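Colleague: What follows is each chain in one-letter form.
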Amino acid sequence: DVKVTQSSRYLVKRTGEKVFLECVQDMDHENMFWYRQDPGLGLRLIYFSYDVKMKEKGDIPEGYSVSREKKERFSLILESASTNQTSMYLCASSLGSTVYEQYFGPGTRLTVT
Amino acid sequence: GNSVTQMEGPVTLSEEAFLTINCTYTATGYPSLFWYVQYPGEGLQLLLKATKADDKGSNKGFEATYRKETTSFHLEKGSVQVSDSAVYFCALRRGGANSKLTFGKGITLSVRP
Chain A
1 DVKVTQSSRY
11 LVKRTGEKVF
21 LECVQDMDHE
31 NMFWYRQDPG
41 LGLRLIYFSY
51 DVKMKEKGDI
61 PEGYSVSREK
71 KERFSLILES
81 ASTNQTSMYL
91 CASSLGSTVY
101 EQYFGPGTRL
111 TVT
Chain G
1 GNSVTQMEGP
11 VTLSEEAFLT
21 INCTYTATGY
31 PSLFWYVQYP
41 GEGLQLLLKA
51 TKADDKGSNK
61 GFEATYRKET
71 TSFHLEKGSV
81 QVSDSAVYFC
91 ALRRGGANSK
101 LTFGKGITLS
111 VRP
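Chains as they are written, first to last, in the numbering used here: chain A, 1 to 113; chain G, 1 to 113.
These are computed hints drawn from the structure, not numbers from a lab.
Since we're looking at a predicted model, the values are computed, not measured.
Any given hint might turn out to be false.
To give an idea of the interface, some chain G residues facing chain A are shown, with a C-beta separation under 7 Å as derived from the structure [stated by the list, open to error]: (1) Glu42; (2) Gly43; (3) Leu44; (4) Leu46; (5) Arg93; (6) Phe103; (7) Gly104; (8) Lys105; (9) Gly106; (10) Ser110.
We put the CB at the ideal spot given by N, CA and C, even for glycine.
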C-alpha cells in the first residue's frame, strides 16, 4: 500500500513564526502536492512538484514556499505564519503524468495564534 | 477554467436509505472524473473514477456515471450504512501535463442507525 505520512497531526504556532510541514511518501511517486482544506472551500492547491527540485505554484501560493530535495520528501514552509493560515494541510502524491490517482496523508491541523 | 460544483450539504440519512450526491463540472475537452472520500480524522482516499464519457465507476456499493451531455458525475448508493458517514469530494483532472486535480467543496454525509 502507498503510504503518505505527515510530520504532525496537530500543530500550534505563533504569528510570525516560520513553520515547516513535512510530507514523506514511500512509493517512489514523481508528483507531490500540498493542499489546504477549509470548511465551505474544499481543497485548494498551494504548490506541487513533479520532480526533485522542481516546483510549480498552485492556486493559492501566497505566503507559502516549498522544498523538494529528495524524491520522497516534500516540505511546505510558512515563512511568517499568520492567523489566516490556520487550516488543515493535506499532502498528496501521485505516480506520474498519466496516472492521476492521488494518495493523501492524514493531514496536519495547524493553528496560528 | 475548470470547476466542479457539488450540491450543498450537509446530508443526513437513515441507514439503508438511497443516496444521491450531485456533481457537475465545467471543463474543456474530456476530463477524467473522480470521487474521493474522507473519513473522520483521515486523509482523502479515492472512491471511484471514470476516464471517458458513459464510463461507470463503482466501488464499495457506490456508483457514478460520466455524463458528457449533462456534464455530471453524480454519486449514488442504494443502501447507505453508518460507516459511510464521511465527507465526499468530486474532482476532475485538469488538462495538460502532471496530474493536478480540481476539487469541489465537499459534502458531509451523516448516516443515522
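Colleague: If a hint holds in the structure, say so; if it does not, say that too.
Modeller: Verification of the hints:
no., hint, in the structure
1, Glu42, "6 Å, holds"
2, Gly43, "3 Å, holds"
3, Leu44, "4 Å, holds"
4, Leu46, "5 Å, holds"
5, Arg93, "5 Å, holds"
6, Phe103, "4 Å, holds"
7, Gly104, "6 Å, holds"
8, Lys105, "4 Å, holds"
9, Gly106, "5 Å, holds"
10, Ser110, "15 Å, violated"
Hint compliance for this structure: hint 10 is the single one not met.
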